[in-house]
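Throw the hints in and build the complete structure from the sequences for me.
Protein chains: 6
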Amino acid sequence: MYELGVVYRNIQRADREAADALAKLGSATVHEAMGRVGLMKPYMRPIYAGAQVSGTAVTVLLQPGDNWMLHVAAEQIQPGDIVVAACTTDNTDGFFGDLLATSFQARGARALVIEAGCRDVKTLTEMNFPVWTKAISSKGTVKATLGSVNIPLVCAGALVHPGDVIVADDDGVVVVPAKLARKTLDAANAREANEGEKRAKLASGVLGLDMYSMRGPLEKAGLKYID
Amino acid sequence: MYELGVVYRNIQRADREAADALAKLGSATVHEAMGRVGLMKPYMRPIYAGAQVSGTAVTVLLQPGDNWMLHVAAEQIQPGDIVVAACTTDNTDGFFGDLLATSFQARGARALVIEAGCRDVKTLTEMNFPVWTKAISSKGTVKATLGSVNIPLVCAGALVHPGDVIVADDDGVVVVPAKLARKTLDAANAREANEGEKRAKLASGVLGLDMYSMRGPLEKAGLKYID
Amino acid sequence: MYELGVVYRNIQRADREAADALAKLGSATVHEAMGRVGLMKPYMRPIYAGAQVSGTAVTVLLQPGDNWMLHVAAEQIQPGDIVVAACTTDNTDGFFGDLLATSFQARGARALVIEAGCRDVKTLTEMNFPVWTKAISSKGTVKATLGSVNIPLVCAGALVHPGDVIVADDDGVVVVPAKLARKTLDAANAREANEGEKRAKLASGVLGLDMYSMRGPLEKAGLKYID
Amino acid sequence: MYELGVVYRNIQRADREAADALAKLGSATVHEAMGRVGLMKPYMRPIYAGAQVSGTAVTVLLQPGDNWMLHVAAEQIQPGDIVVAACTTDNTDGFFGDLLATSFQARGARALVIEAGCRDVKTLTEMNFPVWTKAISSKGTVKATLGSVNIPLVCAGALVHPGDVIVADDDGVVVVPAKLARKTLDAANAREANEGEKRAKLASGVLGLDMYSMRGPLEKAGLKYID
Amino acid sequence: MYELGVVYRNIQRADREAADALAKLGSATVHEAMGRVGLMKPYMRPIYAGAQVSGTAVTVLLQPGDNWMLHVAAEQIQPGDIVVAACTTDNTDGFFGDLLATSFQARGARALVIEAGCRDVKTLTEMNFPVWTKAISSKGTVKATLGSVNIPLVCAGALVHPGDVIVADDDGVVVVPAKLARKTLDAANAREANEGEKRAKLASGVLGLDMYSMRGPLEKAGLKYID
Amino acid sequence: MYELGVVYRNIQRADREAADALAKLGSATVHEAMGRVGLMKPYMRPIYAGAQVSGTAVTVLLQPGDNWMLHVAAEQIQPGDIVVAACTTDNTDGFFGDLLATSFQARGARALVIEAGCRDVKTLTEMNFPVWTKAISSKGTVKATLGSVNIPLVCAGALVHPGDVIVADDDGVVVVPAKLARKTLDAANAREANEGEKRAKLASGVLGLDMYSMRGPLEKAGLKYID
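Chains as they are written, first to last, in the numbering used here: chain L, 1 to 227; chain V, 1 to 227; chain A, 1 to 227; chain X, 1 to 227; chain H, 1 to 227; chain Y, 1 to 227.
Quick caveat, the hints were computed from the structure, so don't treat them as lab data.
Check the hints yourself; a few may be wrong.
Restricting the straight-line Cα-Cα distance to at most 30 Å, the calculated cross-link-like pairs of lysine-lysine (DSS-like) are [as the list claims (entries may be wrong)]: (1) A:179 x L:41; (2) H:143 x X:41; (3) H:179 x H:24; (4) X:24 x X:41; (5) A:179 x V:122; (6) L:41 x Y:143; (7) A:198 x V:122; (8) X:41 x X:143; (9) L:201 x L:220; (10) H:198 x H:224; (11) L:41 x L:179; (12) X:143 x Y:183.
Remember, predicted model here, so these are calculated numbers, not experimental data.
Shown next, in the form of structure tokens:
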């Protein structure tokens with residue numbers, strides 16, 4: 001259950017080094033490294049292609065059609081943070097635009113992940129401030145009802161605690177619990193390590209069937225080849 | 001209720017200067033200037049990023065799977081117009097492609113807004129003819145049933161009268177009633193005027209909380225900070 | 001009804017020359033040339049803009065959350081093929097990523113069409129390996145349950161037989177039955193032949209109403225002009 | 001464009017007799033009688049099966065997550081009215097429940113049509129107060145921001161003026177402009193008049209092909225029968 | 001690829017006895033008996049609860065907003081048939097209502113399965129004529145463009161040949177190829193045979209874990225119990 | 001992040017009396033009593049109308065197309081529990097049918113809430129075993145991959161801990177954290193207490209505008225009445 005009308009000022013951010021290093025591994029590898037869990041639903045899409053970031057979560061709970069708490073959240077941002085916003089109900093309004101982005105960027109935020117809507121996407125693209133969102137909409141919002149900042153919340157089907165690591169790129173958005181950041185980084189690096197070798201083999205024409213020794217299991221499962 | 005089988009030839013277009021000047025303000029600012037009304041639903045998306053236009057509406061009511069009335073509409077286009085098309089039922093066929101775009105462009109149309117589907121999007125992009133649409137589909141259409149041209153209609157949830165101003169960009173599509181065009185332009189310009197100053201302040205690290213004097217109202221609404 | 005657990009090794013591919021030549025005509029023209037049938041549903045979208053391909057279908061039936069059969073399919077790929085994958089149930093997982101793409105590309109595949117999900121889209125874009133898909137998702141898959149390769153299947157509402165020609169571009173994906181490839185190519189070329197002339201006329205301001213002699217039929221259908 | 005913060009007290013309701021008589025003809029027949037226009041989108045569904053009503057529209061424009069204006073609208077209801085509510089943005093909250101229904105019913109309202117959400121559906125069913133809605137949700141709303149009452153608005157894709165006739169049943173919701181109510185009633189009655197005879201013929205095994213003399217037109221259109 | 005403008009008069013219907021007997025087994029059991037294939041997408045829903053039918057397919061390909069071919073199909077119906085209709089593009093119009101249902105019923109049809117829309121659902125319910133459909137809509141249709149009758153087609157993601165067995169109930173719609181009808185009936189009966197015994201055991205408190213001997217495989221897969 | 005392959009046997013269930021008493025208050029009142037938070041998304045719908053239950057949550061994390069863990073969960077059910085199941089990815093298969101329901105009911109479960117799919121809905125209705133679900137589908141599932149039982153999980157956008165109270169009825173599904181059950185019950189009872197009086201006033205024609213003293217605030221907000 002969400003606590004409304006509160007701002008937690010002191011949150012425990014994940015290990016900085018791990019939080020920063022996860023970006024280059026990407027959401028797919030990180031998701032695998034966590035055992036295929038922690039992913040936001042695929043309707044969360046970047047407003048422009050190519051951005052790939054990671055950072056520590058500052059969370060925001062919004063009310064429908066009301067972006068007041070994003071202003072409150074700005075003050076809680078520290079360099080290296082990614083703001084993660086959810087709404088108490090499905091809403092596609094443009095809660096976030098270029099002015100808030102200027103403020104967030106000045107505070108050191110790397111991105112916004114918002115299960116709602118965003119606007120001014122052309123300017124945000126020029127500012128190089130990436131947003132993962134459910135909708136793009138010119139529709140503005142009011143400032144009338146309280147939500148909360150830095151409470152645990154559900155964003156696009158994923159549970160996010162303040163301070164968790166967010167990894168976002170063209171494939172989607174993954175949440176890594178703060179205390180698992182270092183371990184996940186190690187596991188992801190390990191996965192990545194032998195990808196180059198695999199890629200070279202596959203590029204040379206070796207089949208996954210042979211490289212992963214799948215022929216036996218497939219036969220055992222009953223696969224039949226028909227000429 | 002829609003009148004079927006009619007073409008209104010003489011429509012009252014909005015003030016040309018205002019209709020043209022609204023483009024550079026963009027759909028989000030114009031939408032704010034109108035008091036947050038007049039927006040099409042956010043499923044209307046541009047076929048390519050970056051287009052930003054405004055113009056006067058020529059409206060078209062289509063029948064499902066039938067683009068006959070777009071040919072009829074072409075004749076009614078005057079330079080500076082934007083064609084706005086709706087369908088009597090949900091339909092995602094590709095009603096519009098490069099040949100019709102060539103004709104529309106030759107007549108002086110600046111864009112098409114269609115609550116249905118569009119095709120030949122690669123060529124339309126090369127032609128620099130923007131389309132806001134609900135779907136992209138290769139599916140062609142027949143020419144068998146009458147709709148209407150230049151009647152008031154509902155497109156993506158917004159009421160459009162022929163001659164109204166349409167403002168469309170990456171954030172969406174806004175409709176400005178013809179008689180409010182000038183007033184909306186003034187209001188939008190006024191909003192824009194002090195945005196530069198605000199942006200500079202926010203970029204320097206000033207918080208919206210302080211710039212907009214939100215701390216008092218937030219406290220009054222009961223917001224609690226927890227350390 | 002689908003046959004499960006089988007791989008057909010010898011499939012009858014469409015005429016190579018026709019299969020290759022259809023790409024440049026594009027999905028919209030090919031769809032028209034076939035009498036407006038054979039199109040996949042418009043939720044199948046390319047992961048990047050601009051790709052335009054044709055090739056012969058290798059079909060794959062997948063189980064939800066399980067990409068085992070894509071590895072099996074890799075072995076059946078011949079140069080000039082396009083892999084067409086469907087799933088026994090709606091599923092948006094990322095069944096396909098850069099390693100499989102490396103393997104498919106090494107085998108000579110030109111593209112993947114998958115009614116499910118895809119990941120590593122940034123790398124796939126850099127590799128110039130186009131994918132038409134219903135979803136983008138970091139979510140990985142297991143390898144535990146059999147599907148089939150090279151059986152007739154339904155993908156995004158279209159029936160695909162192994163060896164059929166697939167034509168895919170920014171407008172969508174069309175399926176041309178193998179035995180109709182040559183005839184469809186001729187019909188599509190014929191359509192294309194006089195498009196240049198039509199385009200020139202329209203660009204000069206001639207109306208479709210006159211070029212297509214629509215005024216009579218419109219009057220007969222009861223269209224009224226009101227001044 | 002919507003006017004915000006206003007309540008029009010004196011609206012011109014459609015002819016009472018026609019408004020009342022349209023119910024028994026049903027939305028499908030009325031829709032045909034109007035030439036197949038004026039229908040709300042099919043995502044508007046009744047909360048229980050079997051209700052069939054007509055009445056004069058009192059319109060309400062709501063803000064997301066805020067049902068204040070429904071209370072304002074209650075005062076404007078006269079016996080025989082149907083309240084039609086839209087929201088400035090997509091929102092599925094439960095704006096309406098059993099208390100408001102008690103009030104509406106006491107004022108003489110026959111139904112609610114709301115492009116948003118509704119709750120207490122079990123009680124509403126027991127009260128025999130029908131609601132056509134886009135969503136059912138326990139989510140309550142606040143009372144903080146103004147909308148309007150009795151302005152023309154777009155509800156589920158249809159334009160509704162205060163005083164128009166609303167016809168709603170299991171098939172959907174149709175809007176009949178006030179001034180066309182009598183004429184539409186006559187046209188609908190005429191349609192209905194010979195339906196009984198048609199039904200008897202079809203029930204006896206006569207084919208529509210013969211009853212409607214379709215064989216000639218079908219042959220002319222090129223239909224081929226293959227044995 | 002669909003053939004347009006044709007009506008196949010002589011189709012090979014599945015074994016009558018098997019086609020009739022499959023109804024009482026229901027779509028879920030039949031679907032299992034076929035190896036979990038042949039199911040239409042779950043957006044196909046019955047217009048009223050409780051109907052459970054099977055029969056042989058008469059197929060109809062429709063054009064958007066045009067129900068002409070349903071009249072043509074009526075003549076091809078034989079007692080025990082179920083009409084299966086698809087549209088060349090997504091369309092939710094009300095193609096089918098009480099008059100056509102009267103005709104279909106008079107010809108001996110048991111149901112309609114239509115990937116499009118239906119209307120007059122209250123009357124259809126009273127007539128006890130079940131329809132599985134994607135949408136309910138008052139929107140009527142024209143009679144202007146040819147489709148086909150009794151060609152193989154894709155309906156809601158499933159391939160249907162004329163004469164195949166259709167099994168439909170509250171859980172969905174399954175297609176059984178004509179030549180597999182008898183074999184599927186036997187397999188479904190076999191499944192059903194020992195369900196009573198299983199149900200009795202489970203009702204007495206025996207766990208599926210024990211009844212299906214799952215504890216070993218679960219342990220082997222690595223499941224851990226934590227107290 | 002989800003822990004996979006684990007079953008927690010000892011969970012802390014909410015106060016029994018409170019968990020049982022919340023049912024009769026219903027999801028809307030309980031949701032209000034919690035400050036309008038804790039609601040599942042409105043796409044979770046009951047398979048039949050009229051069920052109204054509450055109970056303590058046993059949670060299950062499923063893999064797509066695989067219902068193995070529902071069998072594991074059955075053993076963990078105690079009388080008064082409601083099983084809450086989520087899937088690692090969007091999936092509409094029929095994970096649950098009459099056999100599992102027989103087992104769940106024998107163990108004392110009151111309902112299932114599943115963000116996936118369900119089948120055998122006619123039999124479940126006859127058994128009086130309610131299910132809230134995202135989809136109905138005949139599609140069966142395999143038993144091959146581990147999920148977990150009694151871990152905290154996100155179901156339809158709401159965070160659920162094992163032992164939390166679930167309140168479900170025709171309006172939706174609300175989650176009450178175990179430790180807040182008693183307090184929420186008190187708050188909900190308090191709300192309910194004066195509803196009867198309010199209802200009587202509204203039924204007698206008193207307006208909410210007067211009963212809630214809204215006229216002043218509306219005037220202050222700027223509402224204008226126009227005659």
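For each hint, the structure was consulted:
1. Among the hinted pairs, residue 179 of chain A with residue 41 of chain L is inconsistent with the structure: their alpha-carbon atoms are about 41 Å apart, more than 30 Å.
2. For the given pair, residue 143 of chain H sits about 22 Å from residue 41 of chain X by alpha-carbon distance, which is consistent with the 30 Å threshold.
3. Pair hint residue 179 of chain H plus residue 24 of chain H holds up; C-alpha atoms about 20 Å apart against a cutoff of 30 Å.
4. Pair hint residue 24 of chain X plus residue 41 of chain X holds up; C-alpha atoms about 21 Å apart against a cutoff of 30 Å.
5. As the CA atoms of residue 179 of chain A and residue 122 of chain V are separated by approximately 29 Å, the hinted pair is consistent with the 30 Å bound.
6. Of the supplied pair hints, the one linking residue 41 of chain L and residue 143 of chain Y holds, its CA atoms being roughly 24 Å apart against a limit of 30 Å.
7. The straight-line distance between the Cα atoms of residue 198 of chain A and residue 122 of chain V is roughly 19 Å, inside the 30 Å bound, and the hint therefore holds.
8. Taking the CA atoms of residue 41 of chain X and residue 143 of chain X, the gap is about 28 Å. The hint holds against a cut of 30 Å.
9. Note on residue 201 of chain L and residue 220 of chain L: the hinted pairing holds, with a Cα-Cα distance of about 25 Å set against a maximum of 30 Å.
10. In summary, the hint linking residue 198 of chain H to residue 224 of chain H is supported, as the alpha carbons are separated by about 27 Å, within the 30 Å threshold.
11. Taking the CA atoms of residue 41 of chain L and residue 179 of chain L, the gap is about 23 Å. The hint holds against a cut of 30 Å.
12. Proposed proximity of residue 143 of chain X and residue 183 of chain Y is supported: the alpha carbons are some 25 Å apart, at most 30 Å.
Consistency note: the structure conflicts with earlier hint 1 alone.
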